[in-house]
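*Asks:* Heads up: the sequence shown runs through residues 10 to 356, numbered per my numbering.
Honestly, the hints are just simulated from the structure, not real lab data.
Just so you know, even glycine gets a beta-carbon here, dropped at the ideal spot from N, CA and C.
Accuracy of the hints is not assured; some may be wrong.
[Said to hold, decoys possible] Listed next, with one range per pair, are the computed distances between beta-carbon atoms:
1. Gly74 x Asp233: 26 to 34 Å
2. Met322 x Asp81: 44 to 52 Å
3. Ala190 x Ser247: 48 to 56 Å
[Stated by the list, open to error] Heads up, simulated DMTMM-like pairs for lysine to aspartate or glutamate below, C-alpha to C-alpha not over 20 Å straight-line:
4. Lys167 x Glu78
5. Lys275 x Asp198
6. Lys68 x Asp87
7. Lys275 x Asp295
8. Lys167 x Asp198
9. Lys275 x Glu193
10. Lys68 x Glu209
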Amino acid sequence: SLILAALFLANTALALDAPPVNVGEADERPIVRTVRVSGTVTSPNAAMLSPSVGGLVAKLNVDAGDRVEAGDVLVVLDAELQALELRRREAELRQIETALADSRRRLDEAERVRSANAISESEIETRRATAERDAAALAAAQAAVQQQRSIVGRLSVKAPFAGVVSQRIAAVGEWVNPGNAVVELIETDNLRFDFRVPQEYYEEISLQTAVSLASDAAPGFSADGRIIAVVPVKDPGSRTFLVRVEANNEIHPGVTPGMSARGILKVDAQRSGIVVPRDALLRYPDGRHVVWIVDGSAEIPVVRERPVETGLMFDGLVEIRTGIHAGDIVVTRGNETLQEGLQVSIQ
10 SLILAALFLA NTALALDAPP VNVGEADERP IVRTVRVSGT VTSPNAAMLS PSVGGLVAKL
70 NVDAGDRVEA GDVLVVLDAE LQALELRRRE AELRQIETAL ADSRRRLDEA ERVRSANAIS
130 ESEIETRRAT AERDAAALAA AQAAVQQQRS IVGRLSVKAP FAGVVSQRIA AVGEWVNPGN
190 AVVELIETDN LRFDFRVPQE YYEEISLQTA VSLASDAAPG FSADGRIIAV VPVKDPGSRT
250 FLVRVEANNE IHPGVTPGMS ARGILKVDAQ RSGIVVPRDA LLRYPDGRHV VWIVDGSAEI
310 PVVRERPVET GLMFDGLVEI RTGIHAGDIV VTRGNETLQE GLQVSIQ
């Protein structure tokens, strides 16, 4: 600001023994209320995978902790019995095809000699019925072969999405029925953070509410997030509702589903106020809160003590409700040992 620039110019005339200080400017801006919440890291997809047909487990290609891609074959069932059944049904199909060809041939012969009265109408109808029955049997046999081929093609369990195997349930040599889980797979990309938020904040939180994320289980992780869902169903026991968040940037590799998570929801307080950097505020044991401001009206900058009443803290700032004005220059570093009217050197 112009005031701050003028102070730096005046600073050139300071004595060398003036204590150095860093400064900032009191600013008027919308006030944000921070809501600290705890939650859990969750996966967008978690599945207990099972075969759609029964069979003997012949091969397990994965173990707990293995990373897999979508389409990878995780479990293979023994194909011998189903392959034998497929060959049996294909043989039946060939027999029915032969029978149908013969019945159609016999019907054609009867139709050719019909005009010469060399065959009775009842015989012709019998041959026609036989051909129709064989045609129906052929359609059924074709469907049976197609069904068995589908079964043979489903003797493996594939990963429906990329993820990590959290547990291997079946063992080689074990018989599994359709629907029996053999592997649990959890997606570890695009993780979500589920927070239970006190019900009194429900009207104030929306998809536009800013969020900061962290996890005690992964100390190196911090990220900004975006709310993707506010679930209005409240938990009657805890009087909370669900807020689901995704990270805006890449998630730390140490963050995995099931870990604890911390969030800071930045809720618009629906008002503006004066804020200063948090380091500008001094707290004393007697309960006083003080901010030192720089008086630039003199030729050489001096500091003045201002008792203040504080409000909310957010984003490294503290709200000052009384005691200073927007545009005041406040000391942010070197303010611990200042005295009223002391000349200072602005760094």
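*Asks:* None of the hints should be skipped; say for each whether it holds.
*Replies:* Cross-check of the supplied hints:
1. Between glycine 74 and aspartate 233, the C-beta spacing of about 30 Å keeps the proposed range 26 to 34 Å intact.
2. Roughly 49 Å separates the CB atoms of methionine 322 and aspartate 81, a value that falls within the hinted 44 to 52 Å.
3. Against the hinted window of 48 to 56 Å, the Cβ-Cβ separation of alanine 190 and serine 247 comes to about 31 Å, which falls outside the hint.
4. Restraint check for lysine 167 and glutamate 78: the C-alpha separation of about 9 Å stays at or below 20 Å, so the hint holds.
5. Pair hint lysine 275 plus aspartate 198 does not hold up; C-alpha atoms about 26 Å apart against a cutoff of 20 Å.
6. Taking the CA atoms of lysine 68 and aspartate 87, the gap is near 8 Å; set against the 20 Å cutoff, the hint holds.
7. Annotation: proposed proximity of lysine 275 to aspartate 295 is violated, straight-line Cα distance about 31 Å (limit 20 Å).
8. At roughly 18 Å between alpha-carbon atoms, lysine 167 and aspartate 198 fall within 20 Å of each other, so this suggested pair holds.
9. Restraint check for lysine 275 and glutamate 193: not satisfied, since their Cα atoms lie roughly 37 Å apart, outside the 20 Å limit.
10. The suggested pairing of lysine 68 with glutamate 209 is violated, with an alpha-carbon distance near 54 Å, which exceeds 20 Å.
When held up to the earlier numbered hints, the structure conflicts with 3, 5, 7, 9, 10 and fits the remainder.
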